[in-house]
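Chemist: Given chain A, work out where chain B should sit, using these hints.
Residue numbers (the working numbering), protein chains in the order written: chain A, 1 to 277; chain B, 278 to 588.
Note that these hints are calculated values from the structure, not bench results. Beta carbons: idealized from backbone N, C-alpha and C, even for Gly. Mixed in with the good hints there might be a few duds.
[Stated by the list, open to error] Some chain B residues near chain A, calculated using beta-carbon distances under 7 Å:
hint : residue
1    : 343
2    : 436
3    : 440
4    : 449
5    : 452
6    : 473
7    : 516
8    : 518
9    : 580
10   : 583
[Said to hold, decoys possible] Taking lysine-lysine and the BS3-like style, the derived pairs with C-alpha atoms no more than 25 Å apart in a straight line are:
hint : chain 1 : residue 1 : chain 2 : residue 2
11   : B       : 377       : B       : 554
12   : A       : 151       : B       : 513
13   : A       : 237       : B       : 394
14   : B       : 459       : B       : 421
15   : B       : 574       : A       : 150
16   : B       : 513       : A       : 92
17   : A       : 81        : B       : 554
18   : B       : 318       : B       : 536
19   : A       : 237       : B       : 510
20   : B       : 389       : A       : 237
21   : A       : 188       : B       : 459
22   : A       : 26        : A       : 99
23   : A       : 188       : B       : 421
24   : A       : 112       : A       : 41
25   : B       : 536       : A       : 188
26   : A       : 92        : B       : 510
27   : A       : 188       : B       : 574
28   : A       : 188       : A       : 146
29   : B       : 419       : B       : 574
30   : A       : 271       : A       : 151
31   : B       : 574       : A       : 146
If you want the building blocks of each chain, they are given just below.
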Amino acid sequence: MFFQRKETKLPQTEQKRETPDNLWIKCENCSEILYRKHIEKNYWICPNCNYHFRINSDLYLNYILDGGGFIEEYVYNLETKDFLNFPGYAEKLKELKEKTKLNDASRVGYGKIDNFDVIFFITDFRFLAGSMGAVLGEKFFYGVLKSIEKKIPYIALTSSGGGARMHEGIISLMQMAKTTLAVIELRKNSILYINILTDPTMGGVMASFAALGDILIAEPGALLGFAGPRVIEQTIKEKLPEGFQRSEFLLKKGQVDLVVPRNELKTTISKILRLLS
Amino acid sequence: MRPLDFEKPLYDILEKIRELETNPSLKDSVDRLKKEAEKLKEEIYSNLTRWQIVQIARHQDRPKSLDYLNNVLDEFLELHGDRLFSDDSAIIVGIGKIDKFSIAFIAQEKGKTTNEKIERNFGMPHPEGYRKGMRIMDLAEKLKLPIITFVDTPGAYPGIGAEERGQFSAIAYSIMKMLSIKTPTISYIIGEGGSGGALAIAAADRVFALEYSIYSVISPEGCASILFRDASKAEKAADILKLTARDLLELGVIDGIVKEPLGGAHWQPKEMYKNLKEHIIEQLYFLKNLDIDEILKLRYEKYRRVGIVYG
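So here's chain A without its partners, still in its complex pose:
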């Protein structure tokens, strides 16, 4: 009864955009007015200040995987259960499904990076801030089992500001344990596991599977950590220093392996795969 649905998705060539198709766009960081087409060609990185715009999972697949996509199978139709009857959750899910054409914040599938086979797992910030619920836990686990079966590396890209998804209460917290259990399986089977941490990856996601890769790669300027900056400020009653919890800060503190700009993610992963193949 498990894994009964199978559906193959064609590689994504068209990029979906949330914002209206304006010709010009303002950098969220330096306020420079930029020609939209230039930004799109530049991996949504501001040429002026190097700010990495927050982008959706389709774009990441495009930038990292050969042919711009992967095959999502079996688990891609998993439906979220509303364990707590959380107010507004069912409606929110319905609305987000229509808006994003995704079933959940997480996606997993088989793909290639410079011809290396990989299982690729990704969270999409548009869907409840990329937060982790039971569907994410199951998809992550499923991907791990596929990686082990095919003996190919597992790569997880996270954009999960929400951490564990409040709407699923304690069940979402338990997904920290479930995804960690999956990582243990990768270890037992000597499967390479790489995390790509993008803006933002926080809370229960950062404090479970996203922290446990053999190699942690962060995008420049990404907010990464356990506690949110506002919670910290409220607790310690001071302003946080500039750049606190950003990728470059974490690199300096020894918490990540590499800070890699978006346009070099593919070549960097490909290099790791080459060095280890």
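Modeler: Chain B in isolation, oriented as in the chain A frame:
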């Protein structure tokens, strides 16, 4: 003891009893009042709302980890430090004896008095606390000691140093160690199980909650400020989050509930210690009869299954 709002009528009667008891000629009235108090106590505590349970779980006089270590274990020795940075006072680790079993323990300690609370950082661990815990897990695995953890924390500490030293990685690796360790593990939520900071030492083979304890992905206050933009609506949020021991059992997240004296462990601490001691010994015998491969298999099934989303 300090009464909670909903306990005030009960405390008023108890206070009156104490006054009258000084006068032996009023024995009849005292007896009558005592009966009344019993009835009132029954009434108050048999219909607690989730928010009232949250308040009991966080009650200042509620026994804390150190009380259980002192009164439930036959003997113990606290060990210190993570060998990397410092000794986190919010997490106590060590070795001990209960019945005929040698055990290792990891416990979050909130403290009771104001000074203790400050000293213990209100039970909010830093990364070095979790790393100290992992060090004891190593020791336990090597010597094949069962591990008992006592969970009682509002959450991992949200601070600059904690983030700099990798709070997220300390928690993640602590969960991983608990789930991969080749020795049996038992966790007790004794008061407040605050999110990832609690799970870091609660991802055990057997997880139990004391009757008036709570365990949640987010505090009711945190949930209320997101959901209603108003932290004072925590009472409503507590209901939504389904965070009591009974809720956790219904959701399949814990393996059982440890009975508390009516009104909470602080009313009859001795009774609580006895209940918990018996419970721990029973669990240790249960796990002793399983070989480690079987335990690892059950552990895998338990966490593989959590939050089933099929069909």
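Chemist: Are the hints correct? Go through all of them and say.
Modeler: Structure-based check of all given hints:
1. For residue 343 (chain B), the interface hint is violated, since its Cβ never comes within 7 Å of a Cβ in chain A; the closest pair sits about 24 Å apart.
2. At about 6 Å, the closest approach between the beta carbon of residue 436 (chain B) and any beta carbon in chain A falls short of 7 Å, and the interface hint on this residue holds.
3. Below 7 Å, beta-carbon pairs count as interface contacts, and residue 440 (chain B) has one with chain A at about 5 Å; its hint therefore holds.
4. Proximity of residue 449 (chain B) to chain A holds as hinted, the smallest CB-CB distance being about 4 Å (cut-off 7 Å).
5. Among the interface hints, the one on residue 452 (chain B) holds; its C-beta lies about 5 Å from the nearest C-beta in chain A, closer than the 7 Å criterion.
6. The restraint placing residue 473 (chain B) at the interface with chain A holds, with a minimum CB-CB distance near 5 Å, inside the 7 Å limit.
7. Because the closest C-beta pair between residue 516 (chain B) and chain A is about 10 Å apart, greater than 7 Å, the hint is violated.
8. For residue 518 (chain B), the interface hint holds, since its Cβ comes within 7 Å of a Cβ in chain A; the closest pair sits about 5 Å apart.
9. Hint status for residue 580 (chain B) relative to chain A: holds, with the closest Cβ pair at about 5 Å, below 7 Å.
10. Because the beta carbon of residue 583 (chain B) sits about 4 Å from the nearest beta carbon in chain A, less than 7 Å, this interface hint is met.
11. Taken as a hint, the residue 377 (chain B) and residue 554 (chain B) pair is honoured in the structure, with Cα atoms around 12 Å apart against an allowance of 25 Å.
12. Proximity of residue 151 (chain A) to residue 513 (chain B) is assessed by CA-CA distance (about 48 Å); at most 25 Å being required, the pair is judged violated.
13. A C-alpha spacing of about 19 Å is found between residue 237 (chain A) and residue 394 (chain B), which places the hinted pair at or below 25 Å, so the restraint holds.
14. Straight-line distance between C-alpha atoms of residue 459 (chain B) and residue 421 (chain B) comes to about 8 Å, which keeps the hinted pair within the 25 Å bound.
15. Under the criterion of a C-alpha separation no larger than 25 Å, the hint pairing residue 574 (chain B) with residue 150 (chain A) is consistent with the structure, at around 23 Å.
16. For the given pair, residue 513 (chain B) sits about 20 Å from residue 92 (chain A) by alpha-carbon distance, which is consistent with the 25 Å threshold.
17. Note on residue 81 (chain A) and residue 554 (chain B): the hinted pairing is violated, with a Cα-Cα distance of about 38 Å set against a maximum of 25 Å.
18. For the hint linking residue 318 (chain B) to residue 536 (chain B), the alpha-carbon distance of about 17 Å falls within 25 Å, and the restraint holds.
19. About 23 Å separates the Cα atoms of residue 237 (chain A) and residue 510 (chain B), which keeps this hinted pair within 25 Å; it holds.
20. The hinted pair formed by residue 389 (chain B) and residue 237 (chain A) meets the criterion: a straight-line CA distance of about 24 Å does not exceed 25 Å.
21. Using a Cα cut-off of 25 Å, the hinted pair residue 188 (chain A) and residue 459 (chain B) holds, with the two alpha carbons roughly 14 Å apart.
22. Annotation: proposed proximity of residue 26 (chain A) to residue 99 (chain A) holds, straight-line Cα distance about 23 Å (limit 25 Å).
23. A threshold of 25 Å between alpha carbons decides the hint, and for residue 188 (chain A) with residue 421 (chain B) the separation of about 21 Å falls inside it, so the pair holds.
24. Of the supplied pair hints, the one linking residue 112 (chain A) and residue 41 (chain A) holds, its CA atoms being roughly 22 Å apart against a limit of 25 Å.
25. This hinted pair does not check out: residue 536 (chain B) and residue 188 (chain A) have alpha carbons roughly 39 Å apart, beyond 25 Å.
26. Between residue 92 (chain A) and residue 510 (chain B) the CA atoms are separated by roughly 21 Å; this keeps the pair inside 25 Å, and the hint holds.
27. A hinted pair counts as satisfied when its Cα atoms are at most 25 Å apart, and residue 188 (chain A) with residue 574 (chain B) qualifies at roughly 14 Å.
28. For the suggested pair residue 188 (chain A) and residue 146 (chain A), the alpha carbons sit about 14 Å apart, so the restraint of at most 25 Å is met.
29. Straight-line distance between C-alpha atoms of residue 419 (chain B) and residue 574 (chain B) comes to about 20 Å, which keeps the hinted pair within the 25 Å bound.
30. At roughly 18 Å between alpha-carbon atoms, residue 271 (chain A) and residue 151 (chain A) fall within 25 Å of each other, so this suggested pair holds.
31. The suggested pairing of residue 574 (chain B) with residue 146 (chain A) holds, with an alpha-carbon distance near 20 Å, which does not exceed 25 Å.
The structure shown violates the earlier hints numbered 1, 7, 12, 17, 25.
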